[in-house]
Each structure stands twice: as C-alpha cells, then as structure tokens.
Amino acid sequence: MTDQTASLASFTSEAATKKLRKRHRAERRFQMYGIAAILFALAFLVFLFASIFSQGWTAFLQTSIKLPVDFSQEVINPSGNPDAEDEIFQANYVKLAREALYKQLGVDPNDRKARRAANELLSRGVDVQLRDMVLRDPSIIGTTEDVWLLASDNADALMKGSIDRETPSERRQVSDEQIAWIDQLVDAGNMKKRFNTGLFVNGASSNPETAGLGVALIGSFFMMLTVVLLAVPLGVCAALYLEEYAPKGKIADTIEVNINNLAAVPSIVFGLLGLAVFINFFGLPRSASLVGGLVLTLMTLPTIIITTRAAIRAVPPSIREAALGVGASKMQLIGHHVLPLSLPGILTGTIIGLVQALGETAPLLMIGMVAFVVDYPTTPLEPATGLPVQIYMWASSAERGFVERTAGATMVLLAFLIVMNSLAVYLRNRFERKW
Amino acid sequence: MSSLTILAILAVAGIVAFFIGRMRSIQVCGGRQRNLHSRPSYYGYYLAILTALPAVILLAVWSVAERPVTKYVAMQELPPTVLQGTDAEKALTMSVVDSIAQGLPKLGPEEYEVLRKARFGFVTSSDARDVLAKHGVVLGSDPDRSLLAAADELASARATSRLWLPIACFGLAALGFFWGYTRIRPELRSRNIVERVMRSGLFLASTVAVLTTVGIVLSVLFETIHFFQFVSPMDYFFGTVWDPRFATVGKAEGQFGLLPLLWGTLFISAVALLVAVPVGLFAAIYMSEYAGSKVRAFAKPVLEILAGIPTIVYGFFALSVFGPLLRDIGGNIGLDISASSVLTAGIVMGVMIIPFVSSLSDDIINAVPQSLREGSYGLGATQSETIKKVVLPAALPGIVGAVLLAASRAIGETMIVVLAAGIAANLTLNPLEPVTTITVKIVSQLTGDLEFNSPQTLVAFALGLTLFVITLGLNVYALYIVRKYREQYE
Numbered sequence: 000m001t002d003q004t005a006s007l008a009s010f011t012s013e014a015a016t017k018k019l020r021k022r023h024r025a026e027r028r029f030q031m032y033g034i035a036a037i038l039f040a041l042a043f044l045v046f047l048f049a050s051i052f053s054q055g056w057t058a059f060l061q062t063s064i065k066l067p068v069d070f071s072q073e074v075i076n077p078s079g080n081p082d083a084e085d086e087i088f089q090a091n092y093v094k095l096a097r098e099a100l101y102k103q104l105g106v107d108p109n110d111r112k113a114r115r116a117a118n119e120l121l122s123r124g125v126d127v128q129l130r131d132m133v134l135r136d137p138s139i140i141g142t143t144e145d146v147w148l149l150a151s152d153n154a155d156a157l158m159k160g161s162i163d164r165e166t167p168s169e170r171r172q173v174s175d176e177q178i179a180w181i182d183q184l185v186d187a188g189n190m191k192k193r194f195n196t197g198l199f200v201n202g203a204s205s206n207p208e209t210a211g212l213g214v215a216l217i218g219s220f221f222m223m224l225t226v227v228l229l230a231v232p233l234g235v236c237a238a239l240y241l242e243e244y245a246p247k248g249k250i251a252d253t254i255e256v257n258i259n260n261l262a263a264v265p266s267i268v269f270g271l272l273g274l275a276v277f278i279n280f281f282g283l284p285r286s287a288s289l290v291g292g293l294v295l296t297l298m299t300l301p302t303i304i305i306t307t308r309a310a311i312r313a314v315p316p317s318i319r320e321a322a323l324g325v326g327a328s329k330m331q332l333i334g335h336h337v338l339p340l341s342l343p344g345i346l347t348g349t350i351i352g353l354v355q356a357l358g359e360t361a362p363l364l365m366i367g368m369v370a371f372v373v374d375y376p377t378t379p380l381e382p383a384t385g386l387p388v389q390i391y392m393w394a395s396s397a398e399r400g401f402v403e404r405t406a407g408a409t410m411v412l413l414a415f416l417i418v419m420n421s422l423a424v425y426l427r428n429r430f431e432r433k434w
Numbered sequence: 000m001s002s003l004t005i006l007a008i009l010a011v012a013g014i015v016a017f018f019i020g021r022m023r024s025i026q027v028c029g030g031r032q033r034n035l036h037s038r039p040s041y042y043g044y045y046l047a048i049l050t051a052l053p054a055v056i057l058l059a060v061w062s063v064a065e066r067p068v069t070k071y072v073a074m075q076e077l078p079p080t081v082l083q084g085t086d087a088e089k090a091l092t093m094s095v096v097d098s099i100a101q102g103l104p105k106l107g108p109e110e111y112e113v114l115r116k117a118r119f120g121f122v123t124s125s126d127a128r129d130v131l132a133k134h135g136v137v138l139g140s141d142p143d144r145s146l147l148a149a150a151d152e153l154a155s156a157r158a159t160s161r162l163w164l165p166i167a168c169f170g171l172a173a174l175g176f177f178w179g180y181t182r183i184r185p186e187l188r189s190r191n192i193v194e195r196v197m198r199s200g201l202f203l204a205s206t207v208a209v210l211t212t213v214g215i216v217l218s219v220l221f222e223t224i225h226f227f228q229f230v231s232p233m234d235y236f237f238g239t240v241w242d243p244r245f246a247t248v249g250k251a252e253g254q255f256g257l258l259p260l261l262w263g264t265l266f267i268s269a270v271a272l273l274v275a276v277p278v279g280l281f282a283a284i285y286m287s288e289y290a291g292s293k294v295r296a297f298a299k300p301v302l303e304i305l306a307g308i309p310t311i312v313y314g315f316f317a318l319s320v321f322g323p324l325l326r327d328i329g330g331n332i333g334l335d336i337s338a339s340s341v342l343t344a345g346i347v348m349g350v351m352i353i354p355f356v357s358s359l360s361d362d363i364i365n366a367v368p369q370s371l372r373e374g375s376y377g378l379g380a381t382q383s384e385t386i387k388k389v390v391l392p393a394a395l396p397g398i399v400g401a402v403l404l405a406a407s408r409a410i411g412e413t414m415i416v417v418l419a420a421g422i423a424a425n426l427t428l429n430p431l432e433p434v435t436t437i438t439v440k441i442v443s444q445l446t447g448d449l450e451f452n453s454p455q456t457l458v459a460f461a462l463g464l465t466l467f468v469i470t471l472g473l474n475v476y477a478l479y480i481v482r483k484y485r486e487q488y489e
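Here the protein sequences come in this chain order: V and L.
In this text, residue positions in the first sequence follow numbering that gives the first Met the number 0: the first is 0, and each later residue adds one.
In this text, residue positions in the second sequence follow numbering that gives the first Met the number 0: the first is 0, and each later residue adds one.
Honestly, the hints are just simulated from the structure, not real lab data.
It is possible that some hints are incorrect.
[What the hints assert, rightly or not] Below, computed lysine to any residue pairings styled on SDA-like, alpha-carbon distance capped at 25 Å:
(1) L:Lys483 with V:Arg312
(2) L:Lys70 with V:Glu381
(3) L:Lys133 with V:Ala83
(4) V:Lys18 with L:Leu378
(5) L:Lys293 with V:Arg312
[Claimed, not checked] To give an idea of the chain V side of the interface with chain L (calculated C-beta under 7 Å), a few residues:
(6) Tyr32
(7) Leu47
(8) Leu241
(9) Pro265
(10) Val268
(11) Gly282
(12) Leu364
We put the CB at the ideal spot given by N, CA and C, even for glycine.
Looking at chain V on its own, in the form it has when it is part of the complex (with noise of 0.2 Å):
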C-alpha cells in the first residue's frame, strides 16, 4: 500500500519525468523510422529514373557529318542500265561515302594509314544509307548531292563527350589526327549532333549507332493488339459470369482460388507454358509475337479479371432491383446496366494490365523472341522483338554505344507506361461514381 502511495506521489519525480522524456524520445524517433523509410523509396526512385535519364538522353541525339557525295554512274551503275537492279544493290557505296570524305578532309588518297583512319569516322551502316537513297530515287545517279552519312560510334562518344579528350592517346580509342579532323569537320558546320530518328525507325544492328526500336515497338504493338482483343473480352466476360451467375460453391471456389494463385505464378512460368503448348504443341512458329501475345493475354487475365469483378461489385444492388423489377433478365441487366455502369472501371483495370503485359520480358525470352530481326514484321506471326527485349538484348552487349541506347529505350518504354498510366487515372477521375 505505501509502495503504491508512493509511486503515485512520483509522477512528477524527477525519475519519473526522466522516464516519460525518454519514452517521448522513442515516439519520436519511431516517427523518424517511418519518414526515413518513406524517404529512403523516393530516394531510390529518384535515383532510378535520374541515372536512367542521365545515360539515356544522348541516345536521341545522333552525329552525323554533311559530304557532297558523288553518285558516281561507275561505281553504282557501270552497266548504265537503270533496271540492273543486282548491280545497283551490290554497288560498292561504302567506297563513295569514303571517297567523299578524304576530299572533305584533304587526306592523301595514296596515304593508307590516313585513310584507314578517315575511314573509322563513318558509321559502319554508310552503304545502307546510300543504298536506299539511290533506290528510292534513282535519278540521282550522276550527281552529287550534301548528305548526312552518321559518325561512327566513336566519333559519335567523342562528340557526346563520353570519350575523354584529356585521356593520353594511346588509351583513347579516337587517335589526336581523329580529333583534329572531327574538329575541322564541326567548325565548318559539316558535323554536328542531330535529332536520332534511327533510334525509332531502325531494325537490329550490331553497330550501335544503326541500331534502332523499330521492330521492337512493332512488335509490341502486336503484342498489345492481341492482349486487348483476346484478354479484354475474355477477362470480362469471366468476371461477369464468376460475379453474376457463378452458384457460390465448389465450382465458383475453385476458378476463384484459381485466378488469385494465376496471378501471383511467377511470369516465366507462362514463358514455359507459351513455349510447351503454343510452339511445341501447336506449331505457332518461333519469335512470332502472335505467340508473345497470346502469352502475355494469359499473363493479364487474372489482372483484367480481378480489377472487373471489383468494378462490377461497385454497382449497387438498387439499380439491380430496379431493373429485374421492371422485368428485365439477367443478361438485359448486364447488358444494359451493370456493363455500362462499371465501364470506366473496366477501362482502368484494361490499362493496367497493359502497362503490366507492355513492360514483361521474362516470357518473351522462354519463346524466343530475342532474336536479331532487321526486317520489319508485317504480321504477327513473323519474327519480332518487343521493346522490353530489345532493351534486354542491348544491356547484354558490351559496346558502350549500346549502354546509351539502353538507357534511351528504358525511357522509351517509361514513357509508354507514364502515359497509360496518366490515361488510367485520368479516366478513373474523370468517370468514377461514387454511389
């Protein structure tokens, strides 16, 4: 009893008080932890996207120098007939674009070293350049005409920076003559950096300044396009049927456990289910993103399905009564009430199993469709690439040209995600209903 007495006269001891500061200490520090973990997310995320952007955007900008390059009828068309298709695709164009830039630089053409040296300022990709530039227009055969052929890769790092010209010489990949020239060439106004359309345009390359997403973002439309048209109609319509008909019980128990554990199966698992049933049983070819696809539907079904359920679920059960009291059927109430009602639900969750099956790359690998493709696919079930490959693809390559592509197609595809998610939430503002 007295020990108690005297416990309680203590609150306001000094022990007490002591006691109470330190127990106040903890509060605060425990706040603390809360704010740093928070802060450390930003963090990371902030250093993310910064490093990504720092590396990437030299990517869109791309060095080309300005030649007046002579399409000379020998070299291209020596037979001077304008039908010799073979011959005017196999003319040695390289040597044109070379030809052009010894006169640009005044380099001896008799001097081998120099010349060789001269050489390694254009891009490997020149003779595609002016190949197609005579295909298309055949005309200008016999002419000469200002073309910007694209730099090297390392004349390109030069320009970029990314090659240190205070590096002693026997360690810089571009050599002090180099230098010399590609200042010359950019005093004159004839090298400069401009905007990268290649970079969008382009098939697979092994140099990385004609290295391109094309075929990649080709891809991945197709890919997209199959998503929408198979996991949209499918992943409403089992939602509809779990939320509307299903009879709860076993059957109804069972497909839902079935979607949860669906979508929580790690993505490469689907890649081996993809390359089992889709390749090997069925016989749908390699690399096609017909099959990337039908993979990735697959992949976002449980998605799509989930998120229509809950939009489903949203509708309130007045309007339900309402419309079986007027004596419509249960299909006349989905059709025209619940589906319309819980449509810019629907649309959400549509999006965001796209952004979900755009950025996956794991099941691609397992079908195949790292592949090399130059060749633009014109339908889904020719080879293709996707863009979160090719992305792969490019970080697996050791020149370090490919290092900047990488980090340009990272923002590429951020930026396809930022803007579907934008569109997400705007329509989620712009149509929710509160009931």
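Using the hints provided, position chain L relative to the given structure of chain V.
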C-alpha cells in the same frame, strides 16, 4: 483460303443473318410485335448464332487437328526403320519431309511429274533434288524415295484439307441458317435460347483461367517427367553441382544439381526481404498511423510506382549503375564486392518488392479495430507503444502473409537476376560474391538452339516446376493466413 479469311466471312455472314432473322420475326408476327415471345433483335441473334457458331467451332477444331492428322498420313509412307527410331530422329526426318512438302505446291506440272517419277523409282532422286533446289528447297543429300512419298502425301493431304475446310464451314453455316430460318415463329423462345448460349460463353471464358493453370501444370510436368528419364530425381534434388555442359542429343553428360540454384535463389530473396520488410513495414505504419491525408496521398502512389516499373528497368539499373556503384564503394572501404554480387541483385529486388509489403500491410494495419488502440491510449501508452505492443501483434498474421507474398515475388523474379546476378552456380555464404538463381538458369538453358530431347533443355522445365511449386505453396499459405486474419476482425 486461309482460316482467317474464313473466319472473317463467317463473321460477316453472322451479321447478315442477324438482320435477316430480325426481319423474319417481324414478318412472321405480321408486324404485331407484342405477339412475339421475344424482342425482334433476339430472333436476329438466334439466327446469327445458328449460322456462325457451329461453323466457327468446326473451323477451330479442324485447324487444330489438321497438323497431327496430315503428319500421321505422311508418316505411313516412312519405312519402319525410321518409325522405330528415337523421337529426335523422327523429328529430323519429318522436318525434311515438311520442307519438301512446302516446296511441292510451287512446282510446275512437268517438274511435279519428275518428282512423281522419282517417288516411284523411274528417275533418280537427285533429279528430284535439282528440281526442288530450283524452288528454294535445298536438301543436304539426295532424298530417299520414302521421303519423297511422305512429302507427296503430306502435300496432298494438306491440299485436300485446305480445299474441304471452307466447303465444310460454309456448308455448315448455310445449313444452320436455313434450319434456324424455318424455326423462327412468334412462339419461339429466342431470348431464352440466346441467353443460354451467352451464359455458356461466359462460363467458358471463366474456365480459361483454370485451363491455363492445368496447362501450366501438365506441360511443365510432362517435360519434367521426360527430364527424369535422363537424370535421376535424386541427382537433381540433392545434387550439389550444377554443370549441365552442352546440349548433345540424348546424352545426360553433366550434372544437374538443384541445390546451388535453390540456395542462390533463397539467398538473394533473403537479402531482398531484409531491405523490403523494414522499409515496407515502417512506411506502412507511418502512412496508416501518423501521416496526414496529404502525405498519404503523395506517398502511396510513389510507393506504387516502384511496383509499376518493369523489372527489366530494375535489371538494367542494377547492371549498369548499382552494381558498379557497390563495387566502387566496396573498393574504397577495402571490401572486394563483385559487381554482380548477391547484395546488388538483392537490394535492387528488395526495393522492387517494397510496395508488395507496404500496401498489403497498410490494409491490414487499417483493419485493426480502433477500439484496441483506444484501449491502449486509455492506459497511457504513447502512439508508438500502442503500435508496437497492440497494433502490430494484432496485425502480425496478416503481415506475415504480406511478407510471404513478397517472398514469392522475389523467388520468381527473373529479369533483375538475369541481368545483375551471377552466372556460375556457387554454394557460398558470402553476400559479396555472385550466385545464380533458378530463373537465371531457366533463361540460359532455353535461349539459343533448343533440342527437346536433351536433358540440357528439359532441365529448364524441371526448374520451372520447382519454381511453380515453391511460389504456389507460398501463395496459398499466405492467402490462407490473410483470409483467416480478415475473418478474425470482421
């Protein structure tokens, strides 16, 4: 005529049938629509379904069955020596037959005659080879007569199938249309029929998810059993060495020990959880217990962005920025950290799964009844004491569920480890060294040339099954805990 064209024509036919059926219903009731059992559109749907649906089903079945059936026909021509060979030899022979068969329709009549003669032995098969080479079918050696016969049968079976498919489909469509047309009367309960069909459609759609699961299990299981014919399960499950060597057909050289891969997977996931659990849990506690609505409205989406970033982006970040950064930091403080160490992949993966921990924990903490907190405050506890001694213990089962779900994500994660973790299978305890994971090996065994009769390729399916079983087990258990926890406070 391609299947796609047939499908398009059937779709158009269905639309036309809809309008005809609708018109017919108005016609049969003499314009008095209230005499009809259903609204006119339902008669339209009725006729459209009868016209298009059976034909589309036939088209689907035919397209699926065509390949195995034509292949079977062609196989009949092959000599028993080939048919008794291994699957790999059969597949090789059939691929030659297939490439010849694909060249056959391109041949002119005279050239085809050469081939027929070669088939029955009137001219040498090298003549046939020359003819085929002209049309882009390049053969490694002179084809055997039986090969030409099989290819000929295959090509003609295909041609027959391609000829009869549209006829059968359109015939069935016409049949369905006329039968349905004669049945349209005012008493026909077309709405009920249409709704029953639609309902079956909805049901079928909902079974796709189940079929997917069955498909995953069966396909992976099938190839795994195939794998175990080459390698004993004991060597796979308890082997400590992973060294698959090269894919040589039918030879089980090399060792396929699961343990080093499993260890690597669990090690990296453990590091990831060490990052994600404290950060995610504290973030969740702060957001649900302390933060005002403004902070919450900002912090929650930020955390969710982490979950929305594609894993390939995390992988590239880990490979090009974070790994080298850790290595340099380690170099400065005298630690030898490999750029693809366990830490690199683990930490980046940990950040990726923060939202999985935080958003589910957030829900769960919010579900703890307010009365528990108030009771604690009433006894004089501070807010943090309440959280530590009352809220967290009450929410513990749910939080464990959230952590298990995050763990299953980490175990199944592929792209981060493919890019940022090691390649060599190491059984090491040192987090500064690289290890490899199950998913990395699935990818590396299945990219490049595939040989479906070698354990080197098939092991990927065994690994996939292992991964599937582990993650499924974790998920089922986690969902069970979360559900049980929710029921407790409802």
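The hints, checked one at a time:
Restraint check: the Cα-Cα separation between lysine 483 of chain L and arginine 312 of chain V comes to about 22 Å, which is no more than 25 Å; the hinted pair holds. Our distance criterion of 25 Å between C-alpha atoms is met by lysine 70 of chain L and glutamate 381 of chain V, whose separation comes to about 23 Å. In summary, the hint linking lysine 133 of chain L to alanine 83 of chain V is supported, as the alpha carbons are separated by about 22 Å, within the 25 Å threshold. Between lysine 18 of chain V and leucine 378 of chain L the CA atoms are separated by roughly 16 Å; this keeps the pair inside 25 Å, and the hint holds.
Proximity of lysine 293 of chain L to arginine 312 of chain V is assessed by CA-CA distance (about 28 Å); at most 25 Å being required, the pair is judged violated. For the restraint placing tyrosine 32 of chain V at the interface with chain L, the shortest Cβ-Cβ distance is roughly 5 Å, inside the 7 Å limit, so the hint holds. Taking 7 Å as the C-beta contact cut-off toward chain L, the hint placing leucine 47 of chain V at the interface holds, the least distance being around 5 Å. Contact between leucine 241 of chain V and chain L, as hinted, is supported at the beta carbon level, the nearest pair being about 6 Å apart and thus within 7 Å.
For proline 265 of chain V, the shortest C-beta to C-beta distance to chain L is roughly 3 Å, which falls under 7 Å, so the interface hint holds. Taken as an interface hint, valine 268 of chain V checks out: its beta carbon lies about 5 Å from the nearest beta carbon of chain L, inside 7 Å. Taken as an interface hint, glycine 282 of chain V checks out: its beta carbon lies about 6 Å from the nearest beta carbon of chain L, inside 7 Å. A cut of 7 Å between beta carbons decides the hint on leucine 364 of chain V: the least distance to chain L is about 5 Å, and the hint holds.
Hint 5 alone, counting from the list given before, is not met by this structure.
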